[in-house]
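Asker: Now for the letters of each chain:
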Amino acid sequence: MTLYFYFLVFPGLLFAAVSGGILSWFDRKVTAWVQFRKGPPFFQPFYDFLKLLLVKETIIPTQGSGAVFLMAPVIALFGATMSAVFILLAAFGINTGFTGDVIVIFYLLNIPAISYIIGAMASGNPLASVGASREIKLIISYELTFLLVVAAVIFKAGMSISLYDIIQAQADHAFIGSLSGIILFIAAIFCIQAKLGLVPFDIAEAETEINHGSFIEYSGSAYAIILLTKYIMLFTLPAFIVVLFMGGLSVTGMGVVYSILKIIAVVLLITLIRNTNPRVKIKQAMRFFFIWMNLLVIIAIVLMWFGL
Amino acid sequence: MSFKEHIFKKSLWLFHYGGASCNNCDIEILDCLTPRYDVERFGIKLVGSIRHADVLLVTGSINKKDKERLLEIYKQAPKPILVVAMGACGCTGGIFAEGNTFAGPVDKIIPVDAYIPGCPPKPEAILAGIVKLVNRRNGK
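From first to last, the protein sequence lines stand for chains A and B.
When we follow my numbering, the leftmost residue of the first sequence carries the number 438, and every step to the right adds one.
When we follow my numbering, the leftmost residue of the second sequence carries the number 163, and every step to the right adds one.
No lab work stands behind these hints, which were simulated from the structure alone.
In this text the structure is predicted, and so the values were computed from the model without any measurement.
Heads up, a few of these hints could be off.
Stated by the list, open to error - Pairwise CB distance ranges (calculated):
1. V455(A) <-> A259(B): 51 to 57 Å
2. K237(B) <-> W470(A): 22 to 28 Å
3. S164(B) <-> K574(A): 44 to 50 Å
4. K241(B) <-> I701(A): 46 to 52 Å
5. F473(A) <-> A290(B): 21 to 27 Å
6. D269(B) <-> W470(A): 38 to 44 Å
7. V541(A) <-> K227(B): 50 to 56 Å
C-beta: ideal position from N, C-alpha, C; glycine also.
With the hints as constraints, model all of the structure from the sequences given.
Answerer: Set out below in structure tokens:
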């Protein structure tokens, strides 16, 4: 029974989706402020989601494979929710006693991107195929960096692969307080920028050149589920960064305020990066991650070796 | 007003179909997104794919080649879809109304929910058109 509660209500589907929706509004509002606009109302993400879910018609392309096309968003939602459950349970200090959940989370965070690729390939649209191939290249480029960042954090926490132990290791001072921690944090921010598909790494769903790429054929409820997955990821990935570098979240006393501030700070950083940069080409993105970000992480690991 | 209509009119996503437009209307649409007029505060945003759209915004005169494409786009749109004809060419044909290749104003091809006249209409006129469209959905 508690398992269903964890998965469906807190910290799973409902909690992550509502927080993600609020963060999505925050992201759009900050974007509007940066451009001296007024921005959308508070409930805008929920209006968008409910409109797509309840009002609009869902069209299945005749050229594509209908079952796979409709299953892909559901699988993406499942992956995002599972990763949210694993990350947030540890983040809120509930010890599941599951050693090695960092490895599982690392794989679960990949499921949304991979299901987007499957769904795009099943939709039978040439622009969607272009989007899918770009998404694959993007995964290849950021995944190694993300793996190195996670490995470095595990190394920093004394070779512990349990997320709960990683938070316990930061009880006195968070990892972001050290030089290597800051360098790892920078690399991790760029990785989640690419994972969320935001500018400068929104190559796979470039609106102006390939018209939303992978999602071009999705409409109605199917697109609503993709939107929900995006909301959940917008909450989950910053939470993961907070767990890895800032000592997790807390639900007691003043801890609530600090937790909210930590998440908002990370989302604000992501939003400002997305508002001040142009979209890069896929070659530039690969070079950025393969050469510069990997180099940065390796420097951080060397610094860590010297105890900085 | 039912709940579904309420959320629908709170989040209208625009798809812009440019016929044989002289681009003046297109530039005025972009003006609506700028800080001064900011239509995002009504939940309106431009989308690139007709599958996501709630409003099909048609600008420019529709000639014989455009007619087929406009019909195709309209069939591809998920229902309910609102159609807005914008500019003199979209509403009536304007100066192209008697041209050789002209295939009729938009409302002869697909059902139109709102007209925004003007050559080009000012951003204020576009906002007024949007308000009228939203009120029409209200059943007034």
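Asker: Each of the hints needs a verdict: does it hold here or not?
Answerer: Status of the hints after comparison with the structure:
1. V455(A) <-> A259(B): 51 to 57 Å: For A259(B) against V455(A), whose Cβ atoms are near 53 Å apart, the range 51 to 57 Å holds.
2. K237(B) <-> W470(A): 22 to 28 Å: The hinted range 22 to 28 Å is violated for K237(B) and W470(A), with Cβ atoms some 40 Å apart.
3. S164(B) <-> K574(A): 44 to 50 Å: holds, 45 Å
4. K241(B) <-> I701(A): 46 to 52 Å: Distance hint for K241(B), I701(A) is violated at roughly 39 Å.
5. F473(A) <-> A290(B): 21 to 27 Å: Holds - the Cβ-Cβ distance for F473(A) and A290(B), about 23 Å, lies within 21 to 27 Å.
6. D269(B) <-> W470(A): 38 to 44 Å: holds, 40 Å
7. V541(A) <-> K227(B): 50 to 56 Å: holds, 55 Å
Taken one by one, the earlier hints fail for this structure at numbers 2, 4, listed in ascending order.
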